[in-house]
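Participant: Chains as they are written, first to last, in numbering that gives the first Met the number 0: chain V, 0 to 281; chain Z, 0 to 494; chain W, 0 to 604.
If you are wondering where the hints come from, they were derived from the structure by calculation, not from laboratory data.
Each residue gets a CB set at the ideal place from its N, CA and C atoms; glycine is no exception.
Accuracy of the hints is not assured; some may be wrong.
Here chain V is said to cover these stretches of chain Z; the calculated rule only asks that three of the stretch's residues, wherever they fall, bring their Cβ under 8 angstroms from a Cβ of chain V [to be verified]:
| hint | segment |
| --- | --- |
| 1 | 133–144 |
| 2 | 239–253 |
| 3 | 262–270 |
Some chain V residues well away from chain Z (every beta-carbon gap over 12 angstroms; in silico) [as the list claims (entries may be wrong)]:
| hint | residue |
| --- | --- |
| 4 | ASP34 |
| 5 | THR106 |
| 6 | ASP190 |
| 7 | PHE214 |
| 8 | GLU244 |
| 9 | SER251 |
Simulated restraints on C-beta separations [claimed, not checked]:
| hint | chain 1 | residue 1 | chain 2 | residue 2 | range |
| --- | --- | --- | --- | --- | --- |
| 10 | Z | GLU302 | V | ARG85 | 48 to 58 angstroms |
| 11 | V | GLY13 | Z | ARG85 | 39 to 49 angstroms |
| 12 | V | ASP260 | Z | GLU302 | 25 to 35 angstroms |
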Amino acid sequence: MGEPRPLVQLTIDGNVVKVPEGLTILDACRREDIDTPTLCWASNLTPVNVCRVCVVEVEGSRVLVPSCSRLVEPGMVVSTDSERVRTSRKMVYELLASSVEMDRADTSVHAWMEHYGVRPERMGDRDEIATVAQPPKVQDDLYVRDYERCILCYKCVEACGDDAQHTYAIATAGRGFDAHISTESDVALPDSACVYCGNCIGVCPTGALVFRAEFDMRADGTWDEDSQQVTTTVCAFCGVGCNLELHVQDNSIVKVTSPVDHSVTSGHLCIKGRFGWQHAQS
Amino acid sequence: MWVVDPRRTTSARFADMWLGLNVGTDIALANGVAREIIHADLVNVEFVENATVGYEDFASHVEPWTLDRTAEVTGVPAEAIRDLARGYAGAATAQLMWTLGITEHHTAVDNVLALCNLALLTGHVGRWGSGLVPLRGQNNVQGGGDMGALPNKLPGFQDVADDDVRARFEGEWGTTIPPEPGWHLTQMFEAMGRGDLRAVWVIGENPADSEADVNHAREMLGRLDHLVVQDVFMTRTAEMADVVLPAALGWAESDGTVTSSERRVQRTRAAVRPPGEARQEIDVIADVAERMGSAWGRPTAEELWDELRSVSPMHGGMSWQRLEDVGGIQWPCPDEGHPGTPFLHGRLWERPIGGRRAPFSCVDDHPPVDQLTDEFPLRLTTGRVLDSYNTGVQSGKFNSPIRSGDALELSADDAGSLGLARGDRVMVSSRRGSIEMTVAVDPDLPVGLAFTTFHFPESADVNQLTSDAWDTRSGTSEFKAAAIRVEKLDVAAGA
Amino acid sequence: MSRSWTWLPVPDLRFGTTAPTGAEVAAVDAVVAGVGPATLVVGERLVLGGRHRAAARRNLLLPALHALQRAVGWISPGGLDHVCRVLEVPPAEAYGVSTFYHLFSHSEPVADSTVHVCDDIACRGVGAMGLIEDLRGAGHHVRPSPCLGQCERGPAALVQRTGVDDLSVAPAPVADVEAAIGSSSSSAAVVLPQAGSGNLHLLARVGVVDPGCLDDYRANGGYSALEAALAMGPGGVVRELTASGLSGRGGAAFPTGVKWQAVADQVGRPKHVVCNADESEPGTFKDRTLMEGDPFAIVEAMTIAGLTVGAEQGWIYVRGEYPVAAARLTAAIDAARGAGLLGDDVAASGHRFDIQLRRGAGAYICGEETALFNSIEGYRGEPRNKPPFPTTHGLFGEPTVINNVETLVNVLSIARDGGGAYAALGTERSPGTRLFCVSGRVWAPGTYEHEFGVTLGDVIEKAGGLVDGSELRAVLLGGAAGSFVGPDQMDLPLTLEATREAGLSLGSGVVMVFDQNDDIVDTVRRIAEFFRDESCGQCVPCRVGTVRQEEVLVRLDRGGSFPDERDLLDDLGSVMRDSSICGLGQTASGAVRSAIDLGLLGGVS
Ligand SMILES: Cc1cc2nc3c(=O)[nH]c(=O)nc-3n(C[C@H](O)[C@H](O)[C@H](O)COP(=O)(O)O)c2cc1C
Ligand code: SF4
Ligand code: SF4
Ligand code: SF4
Ligand code: FES
Ligand code: FES
């Protein structure tokens, strides 16, 4: 809607490109088909730029800049694959993978770790260095918080707060390496303000937040992502018209997500849409 | 943001100001606000002159609704009404949004008209960011109406009394269509009472739990010669049926469309096979048609949709493929080049106005039918909570950690004067029935008001209490205003 | 599973059930006494609330937490819940804020007082570790602390007590700590080695005036600068400031005139002046000297800033471990307001300006300007990404001048005597004088004022030189975020340009002197520990990088082989320096790096 935005000219990896004003460097890179890793960025959330895996080098800047949140400026000269960029990105993955279980992270994460030749073991023996290892929090029948897989990307906090749910049931508590996602005074989820919309699960990139059904099936060894089919439909409850992606394994719904690129709720749901599907199974 | 609601709801907690009006005084408030807007010189004169009729009459109609009188009737302080009026009229854009608190009254239509008056007075309609927004409580209420599931409409909101419209449908369908409107739900129950209606086919509804004054409804259903229920669940209504037709779930086991609150038509798709003998509803209906002598064949969802498009101009541009590609289109969408319509009534801003001028309506305040007396001194209003849905047949199937069951919520003062504390068991009675419930105390409730949800008919059959009054125009029952009495039972809640 | 305490099915903010105690309620209610709670029940049918009222009160969260901690010695679940109800803050967020700060405790107090003893780099050299043992032996509840800003007279302690104000004690032998608790009094006034020397600009009044007396301040030239500023108008002040060449003393050395001009140029939005008095860089205590010795100077300078850039609200953010400075500033603000020098009509100028004081609560990162804004606003002290900069998006997202205490005090002589006179001091590119925090193995540690251009050797010399028997091993220049320099750098002129050229930084003016007996590997490890403890935890390079860096240094301290760790240290340094969000992570490897370059770690291989 409205006037077309003026174009900004900049150089990315030696190529002169023109993109509309107001785009981020990441947007510009994507337009140029330059793959850029991200962890804390999501199209349906405000950038928090904390993971720093998307950094690029901008001429004239003392430090690298996060491409996911830095807007393009006229005349910018951007390098996405310089030695400094590669070192930083690789280090971010090594730092994370040495402290967090990354095994259930999105497949793209693994592809990037391979791309940068990540070797977390050089940080030291797992038993002797600090990690976030801890038992999963299984506190209700709907979902599990398995924080040894948490990279503290803040996405769940944003989804629970101003970017979607406005419930503010979880926030970052503590500081430094002890910082962690927590309810107030660490009370169990059912005693917190959580309304079980599951929007946090929807945005978690590492499998730290996981549906109870999936968690149990994984424990039983019956979870088989490859055999699952995903069908988009509309939620049967209220009149908002949220779209649902039904993940079906053996003619049973095993999990419900929502398409992030859908205009009605950008991937967010409420408890009924997210968990209210059991009646289809009974 | 202002929230006007007898209860201080979740939304009210986000609001800059919450106005806790007396149940059933919405029209009084709207009229009072209108008068204040007029007296504060905040009428959008240009809009009123260009796009409306009946302003003068309306202005004199609301003239008696001074702030003081409005305050007295609604129970809300005059200052707050004044702020609301000025805030609404003065805003660059403003929306009035409502749900069933406006429509589940015996004055439902008047309630809505009273709100329309405010939008006309200020020009907060037909523009981006402004408007009148009824929020639909169910995923396809809008779609049901759009498809003609209303007693006086044909698909596409076309009037059944309109000869031209009927002629077109008759041509298309090869049959005659009676010009008189049919019955709506409440009228059907009345017809059952009179014995005029003797056989009913219920598709996907649970009136034996969901109707107001449910004892009466159950009795009526019981009197039928023949009851057919087509549903995905064995509901209480289905248990009463002579024939049950198990159906596939619309949203997960069938292909089709639904239309959301914002008039957006979207596709549903079958993801799993229906269990057991459950069948696609199209097939069930086509089979019945065939046995009745009309061979419809076995139309696919897409074929049915295309038929709709051919008779309903507002859906004309929504091809199956487009719905697939863009994920949803808001009607009206007359042709395939049309992007859909994000907001309605833009014509009111055209100079000169496109089409008919919008009329002001002079509507009056009428208190709820179920009156408060010494015998029934408390006002009961009902509503939903987040994790549950209607009578619970769909939402009762998952183990929600935030589910607390239906409880009778009382104000702290009323609980105190009745000698009640949280967890006490009480007998709740209205002029229509009595049920046992557990008490909860909501410190934000005004004195004299009680609230409960109605999601757990097994444990608390709340609709035994609700009012049998209804709006003759919309057919909606006055769920929101029953008069009740609460008596303490000796046994404490099963601790 | 059901909630035991459900009384409303779905409030958006769900609060807990633990009841607050009477003391907690009284403490919190006193904080909101002026503005009222976020949700105002006007009557049974009318409640004012919503996000605007809540947002307007959110900045009272930190004061409310302080009030709880002071009243009952910890942030109890019931007390926290009460704060949340009164301010309409989501409990999980409030807990996140509260647990960000080390001075707030989240378990029931085990003693009436907690003694925070500095075990940081200066105090370790003067018996801090022994003091911790002794205090524990004497039955005190002790928590080791990072630098308490009393390095010139360590070992230092801060005593937090239930129901009464905190005390700072330094030096802090057990007897003195106990005496301080007994008499409820903090250590005596600042000792200024240069007191009485005629050449002081910044420190001229310190130790001379009574810091509690406005009249005394005026009798010693106080408020003549405001008078001059009013006479020349905002344009004149910015002009003199620019001509003076004054640059920031908080670490980044940004030209102050440019900053003020940028904020003055912003129109149509409320603006703020913030004084950064969070001084927490290990080895730094100069701002404390000014605040304790000459608090009115800061109030006057902020007032000039407010009138110059068109801000009506000023804020001083004092680090939580400075009870004396906070008390004296509070008194000075009250006295100034009483004399019409703050308030609706400042000095009869027709302009409004007032100041609120906020206390930090134990978080070095809150000295970073954008973290400081978040902290005042009632959020976690996590730095924001820049751009946008504070001059356009500062406190509450509004245009903000933020300056260090020392920077602001410089403004007084510039306003009074003109930028030209100021620029005549120091060197051409580093005009004026600046404060140095000299500590370690020198005869007379303390805050010193010198013209820019003084050599490092001179600074040490003017502090009495090395103590007997000491042989200079290294100097930590600029603080933990700075670098070690060797004995060969004694001729280094201390100017912005010369240090920059040498790859160094003056930082906050720290000159900490180490000799042959100091355990440098342990010192470097303590610096690494400092950054690990003080990282806000927001970004990966710093949150995990500082941990891994410390782990390497622990391994080295235990006799690990340096060559084995070198690549890892290099890569850690790169990612922290290049990709951290803020200055903390970006500088967290600087001292380590310099120690490597000087061969100070090499000996352990
Ligand atoms: C981790 C960190 C801590 C800081 N701490 C302080 C501090 O305690 N006091 C201070 O004045 N500046 C501190 N700064 C610098 C401020 O961010 C900011 O640059 C300064 O307040 C600006 O004022 P100035 O221009 O007067 O120096 C710190 C910066 C960082 C990155
Ligand atoms: S389920 Fe929803 S309400 Fe609960 S923590 Fe996640 S985002 Fe917040
Ligand atoms: S739980 Fe998941 S979404 Fe939340 S911070 Fe951790 S990794 Fe990110
Ligand atoms: S560099 Fe460190 S202190 Fe700064 S934002 Fe990142 S984690 Fe926080
Ligand atoms: S994706 Fe850009 S910082 Fe995380
Ligand atoms: S006070 Fe101990 S090192 Fe500064």
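Participant: Take the hints in turn and mark each one as holding or not.
Facilitator: Here is what the structure says about each hint:
1. 133–144: As far as the segment 133–144 of chain Z goes, the hint holds, because 8 residues have Cβ atoms under 8 angstroms from chain V.
2. 239–253: n = 5 at 8 angstroms, threshold three: holds.
3. 262–270: With 7 residues close enough to chain V, the hint holds.
4. ASP34: holds (26 angstroms)
5. THR106: For THR106(V), whose nearest Cβ neighbour in chain Z is about 23 angstroms away, the distance exceeds 12 angstroms, so it holds.
6. ASP190: violated (9 angstroms)
7. PHE214: holds (15 angstroms)
8. GLU244: The claim is violated: GLU244(V) sits with its nearest Cβ about 9 angstroms from chain Z, within 12 angstroms.
9. SER251: Its Cβ does come within 12 angstroms of chain Z, the nearest being 7 angstroms, so this is violated.
10. GLU302(Z) to ARG85(V): 48 to 58 angstroms: Since the Cβ atoms of GLU302(Z) and ARG85(V) sit about 57 angstroms apart, the hinted range of 48 to 58 angstroms holds.
11. GLY13(V) to ARG85(Z): 39 to 49 angstroms: violated (60 angstroms)
12. ASP260(V) to GLU302(Z): 25 to 35 angstroms: At 29 angstroms between Cβs, range holds.
Checked against the numbered hints given earlier, the structure breaks hints 6, 8, 9 and 11 and satisfies all the rest.
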